[in-house]
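Protein chains: 2
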Amino acid sequence: MIKAIGFDADDTLWHNESIFDRAQQRYRALLAKYHPAAEVDRALFATEMRNLPLYGYGVRSFTLSAVETAIDLTKGAISAQEIQEIMHVCREMLAHPVELLPGVVAAVTQLAADYRLIVITKGDLHHQERKVAESGLAAQFHAVEIVSEKDDATYVRVLRRHGVAPAEFAMVGNSVKSDILPVLRLGGAGVQIPYHLTWAHEHTDESPAAHPRFRQLESIDGLAAVVAAL
Amino acid sequence: MIKAIGFDADDTLWHNESIFDRAQQRYRALLAKYHPAAEVDRALFATEMRNLPLYGYGVRSFTLSAVETAIDLTKGAISAQEIQEIMHVCREMLAHPVELLPGVVAAVTQLAADYRLIVITKGDLHHQERKVAESGLAAQFHAVEIVSEKDDATYVRVLRRHGVAPAEFAMVGNSVKSDILPVLRLGGAGVQIPYHLTWAHEHTDESPAAHPRFRQLESIDGLAAVVAAL
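Here the protein sequences come in this chain order: A and B.
At position 158 of the first sequence (counting the first as 1) the number is 259 in the working numbering, and the numbers step up by one without a gap.
At position 86 of the second sequence (counting the first as 1) the number is 187 in the working numbering, and the numbers step up by one without a gap.
Hints are computed from structural coordinates only; laboratory data are not their basis.
Please note that the accuracy of each hint is not assured.
[To be verified] Some chain B residues near chain A, calculated using beta-carbon distances under 8 Å:
| no. | residue |
| --- | --- |
| 1 | E169 |
| 2 | G177 |
| 3 | A181 |
| 4 | M188 |
| 5 | L226 |
| 6 | V233 |
| 7 | E235 |
| 8 | S236 |
| 9 | S249 |
Cβ coordinates follow ideal geometry from the N, Cα and C atoms, glycine included.
The following block holds chain A by itself, in its conformation from the complex (with noise of 0.2 Å):
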């Protein structure tokens, strides 16, 4: 018997890679005179792998290994013009209005009356307690947990905090990497609803499809069905 949930937040209950994607375009654009797309793309996810240890998520880190990666990539011939244009179109990725997934709204106010739900989302305080708020969502919520990783010693340590055996919980999110294996791991359930885009350092060759408490859902939709048959 689930008694709580845990909703991952970026790409499950609102819009993000698509925000990203989008500023990636531009990105490319603004460095298409001086390498082809293939190559910027290949080269910034490399600056931010190679700044996660230090940076840690979200878009500020984003700016600082898109900037890095284009002084690197012309070798210092781009301009500063062009640098702050980079650093303009990463600034609207903040400012972006939140845009609450389809079903978002009844699906989690329904699921509210009867479970303890809990924002577990990785990235940015500031920002992710931004959209939060924004969100109009955050009534519905006992509590907001904002990590730095989404891995078992972090599960581990938010159920704890509220006092929930892992067998009781089921995690709701878009990335088998960050919201399901780990769940699954500590004897929880995970309900893996996919975003129809997925960051390169969420991509995992290991699947979940065999595991007895993994379930997979198209949209948010029929989630109350699925949890209450866990």
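Starting from the known structure of chain A, arrange chain B on it as the hints suggest.
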């Protein structure tokens, strides 16, 4: 009777503003051929304050504001290499080892035996977690609360989460504005241990000097005695 003690981290447990200060000296030197130091400082602080609602606190926000200010102040004349150098200076702040303030290990270890200790700090989730881990003090603390703002609402939320009544809580920190005044307003106690540098944003004209639950210490050494007498 105090049961729980909140500790600010930056400039209370370890050096921070001095690291920002050294970075800002190098930033001024980099821009010295364009503008006098006072003008650079003024422009950078104005950018930081303008960006605060969107960026929040922390080194990455400082970096983005520093690059933006440098492009503005030079009307785009700054080179990509100079921007790279600014980013490098900022990056060193993130990589800077944690330098505990004198007496911190002894005071925290002693107090942990008698009180529930909670780190309550602003800034970047990822960077602050790394600093707590690197400090070697993590085991002494019941919890680490990294928050996006230190206002009355934040302290109410943190105290509620840990089941601590404000009257049984003392906050220890260097900033009157962030560490002392909100806690005194809620009915808690505040012990200020000033740091030799204060970020302009933390300045306040309000003095808690006359408040019966306010104490000021020159160093952390006398903290146990002061808290016992509160």
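Hint by hint, which ones does this structure get wrong, listed from lowest number up? 6, 7, 8
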